[in-house]
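Given these sequences and hints, build the entire structure.
2 protein chains.
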Amino acid sequence: VRRGQPAAHRRFEAMHAQAGWAGSGSRFGLAGAVLAGDLCLSWSDELFARAGFAPDAVQRGRTVFNTMRTQLMGGQYLDMLEQASCAQQGPAGAVERARRVVRFKSAKYSIEHPLLLGGSLAGADEALLADYSTFGLAVFGDPGETGKPAGDDLREGKRTVLMAYAVASATTEQAAVVERLLGDPALDSAGVEQLREVLVDTGALAGVEALIAEQVDVACQTLDAAALTEPARAALHELVVAATTRRS
Amino acid sequence: VRRGQPAAHRRFEAMHAQAGWAGSGSRFGLAGAVLAGDLCLSWSDELFARAGFAPDAVQRGRTVFNTMRTQLMGGQYLDMLEQASCAQQGPAGAVERARRVVRFKSAKYSIEHPLLLGGSLAGADEALLADYSTFGLAVFGDPGETGKPAGDDLREGKRTVLMAYAVASATTEQAAVVERLLGDPALDSAGVEQLREVLVDTGALAGVEALIAEQVDVACQTLDAAALTEPARAALHELVVAATTRRS
Numbered sequence: 005v006r007r008g009q010p011a012a013h014r015r016f017e018a019m020h021a022q023a024g025w026a027g028s029g030s031r032f033g034l035a036g037a038v039l040a041g042d043l044c045l046s047w048s049d050e051l052f053a054r055a056g057f058a059p060d061a062v063q064r065g066r067t068v069f070n071t072m073r074t075q076l077m078g079g080q081y082l083d084m085l086e087q088a089s090c091a092q093q094g095p096a097g098a099v100e101r102a103r104r105v106v107r108f109k110s111a112k113y114s115i116e117h118p119l120l121l122g123g124s125l126a127g128a129d130e131a132l133l134a135d136y137s138t139f140g141l142a143v144f145g146d147p148g149e150t151g152k153p154a155g156d157d158l159r160e161g162k163r164t165v166l167m168a169y170a171v172a173s174a175t176t177e178q179a180a181v182v183e184r185l186l187g188d189p190a191l192d193s194a195g196v197e198q199l200r201e202v203l204v205d206t207g208a209l210a211g212v213e214a215l216i217a218e219q220v221d222v223a224c225q226t227l228d229a230a231a232l233t234e235p236a237r238a239a240l241h242e243l244v245v246a247a248t249t250r251r252s
Numbered sequence: 005v006r007r008g009q010p011a012a013h014r015r016f017e018a019m020h021a022q023a024g025w026a027g028s029g030s031r032f033g034l035a036g037a038v039l040a041g042d043l044c045l046s047w048s049d050e051l052f053a054r055a056g057f058a059p060d061a062v063q064r065g066r067t068v069f070n071t072m073r074t075q076l077m078g079g080q081y082l083d084m085l086e087q088a089s090c091a092q093q094g095p096a097g098a099v100e101r102a103r104r105v106v107r108f109k110s111a112k113y114s115i116e117h118p119l120l121l122g123g124s125l126a127g128a129d130e131a132l133l134a135d136y137s138t139f140g141l142a143v144f145g146d147p148g149e150t151g152k153p154a155g156d157d158l159r160e161g162k163r164t165v166l167m168a169y170a171v172a173s174a175t176t177e178q179a180a181v182v183e184r185l186l187g188d189p190a191l192d193s194a195g196v197e198q199l200r201e202v203l204v205d206t207g208a209l210a211g212v213e214a215l216i217a218e219q220v221d222v223a224c225q226t227l228d229a230a231a232l233t234e235p236a237r238a239a240l241h242e243l244v245v246a247a248t249t250r251r252s
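Chains as they are written, first to last, in my numbering: chain A, 5 to 252; chain G, 5 to 252.
Treat the hints as calculated values from the structure; they're not laboratory data.
Model, not experiment: these values are computed from the prediction.
All C-beta atoms, glycine included, are put in the ideal place defined by N, C-alpha and C.
A hint or two may mislead.
To be verified - Rough simulated footprint, nothing fancy, chain G against chain A, three-plus residues with beta-carbon under 8 Å:
#: 1; region: 36-47
#: 2; region: 50-59
#: 3; region: 71-81
#: 4; region: 88-100
#: 5; region: 200-207
Right, here's the structure in full:
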């Protein structure tokens with residue numbers, strides 16, 4: 005979804021309302037969006053097969069493509085589970101669980117698998133593919149979004165790596181603030197500020213920034229040691245910068 | 005969904021309730037079911053590719069497989085559109101529209117494409133594939149479900165071919181009965197009986213039965229003329245019987 009554009013289910017719902025059709029507009033919207041997603045999922049597969057690669061390259065790429073789809077869906081489900089069960093499970097292990105969600109839902113899909121897919125299609129050897137994995141998971145393995153969380157994420161109650169760090173080292177008082185405010189749809193700017201203070205005061209922000217710096221080091225060392233030529237190496241270095249710069 | 009088994013979204017919802025998780029159980033259920041569906045859609049594709057057919061057979065079959073997926077999703081969307089807009093569009097063209105939904109949502113997916121898929125994998129020639137299409141669309145092209153509609157279909161307000169026939173030749177009084185009762189979730193057995201009377205009295209039931217008989221003729225003639233051997237011919241004749249027997 006591009007920012008500023010309504011999501012698919014909202015557009016189908018609006019179409020239903022505008023036409024004055026019978027039945028529930030929100031159900032129509034949901035069903036339409038699910039079908040549009042299914043179509044895109046099917047078509048991505050057809051586009052890949054018909055993109056003009058040699059049959060044996062397509063064959064190699066398919067293994068990555070299939071793993072990517074399955075792990076993305078698994079990651080999305082892990083995310084749902086974590087949002088639903090995080091409060092119940094408590095702070096122990098929350099950082100590791102949040103990192104796992106980011107890894108499966110974002111890091112693999114956005115960085116690792118695209119690199120592996122390109123590498124496989126071009127006939128990269130096992131060693132280079134392994135370097136792509138290490139690089140891809142490091143550069144995006146944490147924490148997804150850096151800097152201050154947006155008010156909307158806090159209102160939604162998103163269980164991010166940053167929040168998991170905060171909860172893991174919160175005092176009783178700070179934990180109570182998170183419990184009370186995180187996920188409150190009516191959270192105002194004073195509430196947002198209070199939550200942000202907890203993120204700073206617990207050391208969560210500093211902790212995540214240290215983690216990112218550590219992962220950037222891993223990514224850069226991997227790049228430097230990998231059997232890469234230019235312009236690939238430079239492009240991947242730029243990716244590290246793009247993926248880890250604070251959005252602030 | 006097997007009868008008696010809750011649908012996927014209900015099972016995810018029940019899991020959410022049983023665990024006492026946070027957030028909306030119905031949203032969790034919907035999202036879980038969508039992901040399960042996406043996984044199955046992806047895996048169907050992988051199973052097809054790895055079923056052990058020769059590469060050139062898989063290639064031929066993929067064209068059918070891809071068309072099948074896309075047309076099924078299109079058929080499902082046509083069905084949603086028809087349910088939502090049927091009352092507004094009125095009786096003109098309703099029979100044709102309802103038949104088109106059955107054709108894309110059921111006939112192609114349940115009969116035509118499976119025959120074409122098997123035929124393509126086995127190397128059938130164009131003429132036999134054309135006969136499969138004619139046969140497949142005839143035997144299931146109308147009207148999906150024969151005999152008396154179940155109370156649940158009437159409560160859901162399902163716009164079937166049978167109902168389209170009824171509306172097309174209803175008197176003002178009969179049309180008012182349909183308008184008032186079809187899709188009423190609280191419809192009782194007296195209401196079900198009233199709707200069924202309209203289906204009989206308008207001649208819709210007889211009309212649909214005549215249509216089925218006509219289509220069975222087309223299917224059987226196509227079978228008899230097709231370049232088929234036994235046991236294929238006999239099996240397809242049995243399919244005609246199975247697909248057109250009243251469930252009553």
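Now the hints, each set against the structure:
Closer than 8 Å: that is the beta-carbon criterion, and the region 36-47 of chain A has 9 residues meeting it against chain G, so the requirement of 3 holds. Counting residues of the region 50-59 of chain A whose beta carbon lies closer than 8 Å to any beta carbon of chain G gives 3, which reaches the threshold of three, so the coverage claim holds. Proximity of the region 71-81 of chain A to chain G, defined as three or more residues with a beta carbon under 8 Å from a beta carbon of that chain, is established by the 5 residues found. Check result for the region 88-100 of chain A against chain G: holds, 5 residues qualifying (beta carbon to beta carbon below 8 Å, three or more required).
Only residues whose C-beta sits within less than 8 Å of a C-beta in chain G count toward coverage, and the region 200-207 of chain A has 0 of them, not enough to reach three; the restraint is violated.
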